[in-house]
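> Listed below, chain by chain, are the residues.
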Amino acid sequence: MTNQTATVTPAAPEAGPEPLPHGLGVSLPATEDRAKTEGTFPYAADLWAEGLLWAAVLRSPHAHARIVSIDTSHAREMPGVRAVITHEDVPGTPMHGRGRADRPVFASDVVRHHGEPIAAVAADHPDTARMAAAAVIVEYEVLEPVTDPEHAFEAEPLHPDGNLIRHIPLRHGDPDAVGEVVVEGLYRIGRQDPAPIGAEAGLAVPRPDGGVELYIASTDPHSDRDAAAACYGLEPARVKVVVTGVPGATADREDQGFQLALGLLALATGCPVKLTATREESFLGHAHRHPTLLRYRHHADAEGNLVKVEAQILLDAGAYADTSGESLAAAVSFACGPYVVPNAFIEGWAVRTNNPPSGHVRGEGALQVCAAYEAQMDKLAKKLGVDPAELRLRNVMATGDVLPTGQTVTCPAPVAELLEAVRDYPLPALPKDTPEDEWLLPGGPEGAGEPGAVRRGVGYGLGMVHMLGAEGADEVSTATVKVHDGVATVLCAAVETGQGFTTLARQIVQETLGIDEVHVAPVDTDQPPAGPSCRGRHTWVSGGAVERAAKMVRTQLLQPLAHKFGMSTELLQITDGKITSYDGMLSTTVSEAMDGKELWATAQCRPHPTEPLDEHGQGDAFVGLAFCAVRAVVDVDIELGSVRVVELALAQDVGRILNPAQLRARIEAGVTQGVGAALTENLRTNRGLVRHPDLTGYALPTALDAPDIRIVKLVEERDVVAPFGAKAASAVPVVTSPAAVASAVRAATGRPVNRLPIRPQAAVVTAQ
Amino acid sequence: MGQREGATGLTTHAPQTAQAVTLPVSLDEAVAALSAMPTAVPVAGGTDLMAAVNSGQLRPAALVGLGRITEIRGWQYQDGHALLGAGLTHARMGRPDFAALIPALAAAARAAGPPQIRNAGTLGGNIASAAPTGDALPVLAALEATLIIAGPGGTRREIPVSHLLAGVDMLRGGELIGYVRVPLLHAPQVFLKATGRTGPGRALASVAVVLDPARRGVRCAVGAIAPMPLRPLDAEAWVAQLIDWDNNRAIVPEALNAFGEYVAAACIPDPVPAEDGTLTPLPPAVLHLRRTVAALARRALGRALS
Numbered sequence: 007m008t009n010q011t012a013t014v015t016p017a018a019p020e021a022g023p024e025p026l027p028h029g030l031g032v033s034l035p036a037t038e039d040r041a042k043t044e045g046t047f048p049y050a051a052d053l054w055a056e057g058l059l060w061a062a063v064l065r066s067p068h069a070h071a072r073i074v075s076i077d078t079s080h081a082r083e084m085p086g087v088r089a090v091i092t093h094e095d096v097p098g099t100p101m102h103g104r105g106r107a108d109r110p111v112f113a114s115d116v117v118r119h120h121g122e123p124i125a126a127v128a129a130d131h132p133d134t135a136r137m138a139a140a141a142v143i144v145e146y147e148v149l150e151p152v153t154d155p156e157h158a159f160e161a162e163p164l165h166p167d168g169n170l171i172r173h174i175p176l177r178h179g180d181p182d183a184v185g186e187v188v189v190e191g192l193y194r195i196g197r198q199d200p201a202p203i204g205a206e207a208g209l210a211v212p213r214p215d216g217g218v219e220l221y222i223a224s225t226d227p228h229s230d231r232d233a234a235a236a237c238y239g240l241e242p243a244r245v246k247v248v249v250t251g252v253p254g255a256t257a258d259r260e261d262q263g264f265q266l267a268l269g270l271l272a273l274a275t276g277c278p279v280k281l282t283a284t285r286e287e288s289f290l291g292h293a294h295r296h297p298t299l300l301r302y303r304h305h306a307d308a309e310g311n312l313v314k315v316e317a318q319i320l321l322d323a324g325a326y327a328d329t330s331g332e333s334l335a336a337a338v339s340f341a342c343g344p345y346v347v348p349n350a351f352i353e354g355w356a357v358r359t360n361n362p363p364s365g366h367v368r369g370e371g372a373l374q375v376c377a378a379y380e381a382q383m384d385k386l387a388k389k390l391g392v393d394p395a396e397l398r399l400r401n402v403m404a405t406g407d408v409l410p411t412g413q414t415v416t417c418p419a420p421v422a423e424l425l426e427a428v429r430d431y432p433l434p435a436l437p438k439d440t441p442e443d444e445w446l447l448p449g450g451p452e453g454a455g456e457p458g459a460v461r462r463g464v465g466y467g468l469g470m471v472h473m474l475g476a477e478g479a480d481e482v483s484t485a486t487v488k489v490h491d492g493v494a495t496v497l498c499a500a501v502e503t504g505q506g507f508t509t510l511a512r513q514i515v516q517e518t519l520g521i522d523e524v525h526v527a528p529v530d531t532d533q534p535p536a537g538p539s540c541r542g543r544h545t546w547v548s549g550g551a552v553e554r555a556a557k558m559v560r561t562q563l564l565q566p567l568a569h570k571f572g573m574s575t576e577l578l579q580i581t582d583g584k585i586t587s588y589d590g591m592l593s594t595t596v597s598e599a600m601d602g603k604e605l606w607a608t609a610q611c612r613p614h615p616t617e618p619l620d621e622h623g624q625g626d627a628f629v630g631l632a633f634c635a636v637r638a639v640v641d642v643d644i645e646l647g648s649v650r651v652v653e654l655a656l657a658q659d660v661g662r663i664l665n666p667a668q669l670r671a672r673i674e675a676g677v678t679q680g681v682g683a684a685l686t687e688n689l690r691t692n693r694g695l696v697r698h699p700d701l702t703g704y705a706l707p708t709a710l711d712a713p714d715i716r717i718v719k720l721v722e723e724r725d726v727v728a729p730f731g732a733k734a735a736s737a738v739p740v741v742t743s744p745a746a747v748a749s750a751v752r753a754a755t756g757r758p759v760n761r762l763p764i765r766p767q768a769a770v771v772t773a774q
Numbered sequence: 092m093g094q095r096e097g098a099t100g101l102t103t104h105a106p107q108t109a110q111a112v113t114l115p116v117s118l119d120e121a122v123a124a125l126s127a128m129p130t131a132v133p134v135a136g137g138t139d140l141m142a143a144v145n146s147g148q149l150r151p152a153a154l155v156g157l158g159r160i161t162e163i164r165g166w167q168y169q170d171g172h173a174l175l176g177a178g179l180t181h182a183r184m185g186r187p188d189f190a191a192l193i194p195a196l197a198a199a200a201r202a203a204g205p206p207q208i209r210n211a212g213t214l215g216g217n218i219a220s221a222a223p224t225g226d227a228l229p230v231l232a233a234l235e236a237t238l239i240i241a242g243p244g245g246t247r248r249e250i251p252v253s254h255l256l257a258g259v260d261m262l263r264g265g266e267l268i269g270y271v272r273v274p275l276l277h278a279p280q281v282f283l284k285a286t287g288r289t290g291p292g293r294a295l296a297s298v299a300v301v302l303d304p305a306r307r308g309v310r311c312a313v314g315a316i317a318p319m320p321l322r323p324l325d326a327e328a329w330v331a332q333l334i335d336w337d338n339n340r341a342i343v344p345e346a347l348n349a350f351g352e353y354v355a356a357a358c359i360p361d362p363v364p365a366e367d368g369t370l371t372p373l374p375p376a377v378l379h380l381r382r383t384v385a386a387l388a389r390r391a392l393g394r395a396l397s
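These protein sequence lines map, in sequence, to chains S and R.
Residues 7 to 774, numbered by my numbering, are exactly what the first sequence covers, in order.
Residues 92 to 397, numbered by my numbering, are exactly what the second sequence covers, in order.
These are calculated hints, taken from the structure and not from any lab test.
In this text, all values refer to a predicted model and were calculated from it rather than measured experimentally.
Fair warning: there could be bad hints in the mix.
[What the hints assert, rightly or not] Which stretches of chain S does chain R cover? Using the computed rule of at least three CB atoms under 8 Å from a CB of chain R, they are: (1) 376-383; (2) 637-647; (3) 709-723.
In this text, a Cβ means the ideal position worked out from N, Cα and C, and glycines have one as well.
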């Protein structure tokens, strides 16, 4: 489906009698592809232990209610039930949470969202467990839910910490500046669910020392371990998280409360306990993308140069803080997009409601503002009568420009080059009206589309994201490289979520040590922490740590040889298992040089520190930025309002290509997720209750919905502060694609399109 | 049933986990099995039923599988009608030989979800589950199909499909939908469905239009917008007399537009003014649905007559 017309991608070696690809910059196949294809990849849902019990969680059917009483006696009496636990059975701290510990493990006095855990049951059969959970009698006094984030400011506090989670009033430049042309808009972004294809599952095994081991698809094992230990009242050393195969993650994958309940049940019963979430529980429990309300005013001079941007951004955080503060920082900081804006006044709030919980989802904060500022750029272009791409080109930022946060962009920022690349790429041909030229109309192959009612539109999006944690987060990763008997092993607690870290680690070691056979050890919390798998962190910090450790091993290996021949180690090189000197005088094999020794090295990578945003939203908060330009071509049936994205042409700033095939896969996956956010993905609620928490009601893109994705250009301008000069690639296509699709629908229909996902009635052109 | 020891020594205390499954090979055997165990649930493709079972919403005491009843998996001709077995899958109905007979039903079958669903889901199941979004239902309503219901003791009775869907006549204990009798009209038929996406999805609205040249009639049904398919009878009769049946079934384009509006207004009527004369306008989402129905009906009739 996807053709690549990259101008800078080196051709991947095709299958043939050539040696297996190795090292950086080649398309090494992903380590776990084979196991996944054959069905032997060990997902958490497949785990088994002798004598295990099955768990089930009782969840709140109300969005907001006071708990009058909880009666577990009937459930406890059911045959086969081994434990029923509630808030009274939490031995440690009763609260947890990723950003801030404000979320009860089990609700005790109040439930604040639909699906909040109240009790958990362990029984010897999954059906028994479910029935026992249903037999727990909870008496509620139903309260009025706060579901409109605008009402959260004056509503009664939903939580002892108050309804305002964070407020950032960003001020940058001259508040009195005005432009000759002013455009305004109000935008709403829906609730995207990360919808990992495998729902949450895990196995908890009690240890003889009174501790517990959790086998879960965690993406941040050490944080999950610490949260679990605090909840169980155990020292962290007695809780071990073992990471199983991760069935998809584009966010903080798991509902932490689910993992905590699992371990509590294992400790309470002394037996292994297994819990597999249903799709419904998964939809209710884990974090979603923040639904956002945005109000914008752009000022520009008569030539279309931006003078000032004023914006108000309101994130609906759901009932608990989670990482909403970080999402808000990203939303406020990138509210103007990759454009030069001398004066910016952005006010952002993250507030509590009784809606489903929000948290970290790929492109958090940046996606919502991108849809809004790009809509504003379209409006401005229309008002000035300028071509939308031209107007954007007049305003794009470059290295050396200043963000509204006062931070100078020091990394490569080839935004103009990206936009020109997608603008100049040839447009897809319109199908001819002949039966041979099959035209997939909006509505699909058996839909109601009629060529006469279809209008084509072209739109643009420019997006940016930050990489790594922001605002002073300690981003560090530790890796160990071991070489023995011609085989290298990497130990690093960076979780492979499908982003390709294990493959990259193998490539790094191959590149540095010239050893082809590299294994990456499974992850558990006995290893030193590597941090969460998100924001492209592991390519940067864990990849950097692996490289350093590999280089230390290299030095250990070559030092004796270099000493012997009186040259520095830099003059020796390792290729294909052979060590040769620069002049060819010395040639020996790696195994000979090893001489049966085992070499170990451990290294850390810690990027340069950042600082939190101050009370005016100013500060050097980000380590690095990545950019991307997308041109969308859509067909819209203007009577039915059905939209088909025909093609997305994308140019991205990637720093350096480390694995072309995986990079392409990541970009295509990101674009598809973005198309979902643009057209269909919205977890709908009615007075705080989730409607249709299933994959029929929540429409993920299928192969027919996914457009042709053309990767027009991958700009390789190395970021000097990043290891290998590579930038994170997964998030920025997600952020930019929805804005481009909305822009194209705007061009096709002339309608404002100020809401994502785009509803059919917003894309209908009525004859007036 | 009740408690039992599993092969792995796992005890199940859940009383309904041990399920009896019967696999009859004829319609009468299936009816007998159902009569013998009134709590048993018949299952054909299982595309709706098994999803409910797996999610724990339904715990049938026993299942009667209909997949081995070969007599209801095909079709036969019967004095100007086709007698369709209730076990016909959507995939089978979507094939060209079937499409030549009943084009609208074939189009609806092809539009009914992804291939996995179409391979398993059956015509009878679509009728029995009677979901508002069932794609075959507006076509059957427009064709004025009748159902042949098999009952205990080899009895057969016939009811119009609309009676079952409207709840006028219900399936009684032990009864099964055996066949669907559909007239062969030898004229163009169209089924159109709006889903709001390009990939397979549930209908937001669907329209079936069939021509009956022998009676010089047009029959139309609108699906997915109400609990059962709606028939705009006035609009059908009105547009039938505007068609020049002897001249290539010609019609003026304005009549097509008016037909669409007529159908939409019949299915989604204007709000009635309150007693004080105030009028609450239809909400935007309902207006959009009405525009969608109008466009579908206009397109469907236009294609049927072109």
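> All the hints need checking, so say for each whether the structure fits it.
Checked hints:
no., hint, verdict
1, 376-383, "violated (count 0)"
2, 637-647, "holds (count 3)"
3, 709-723, "holds (count 3)"
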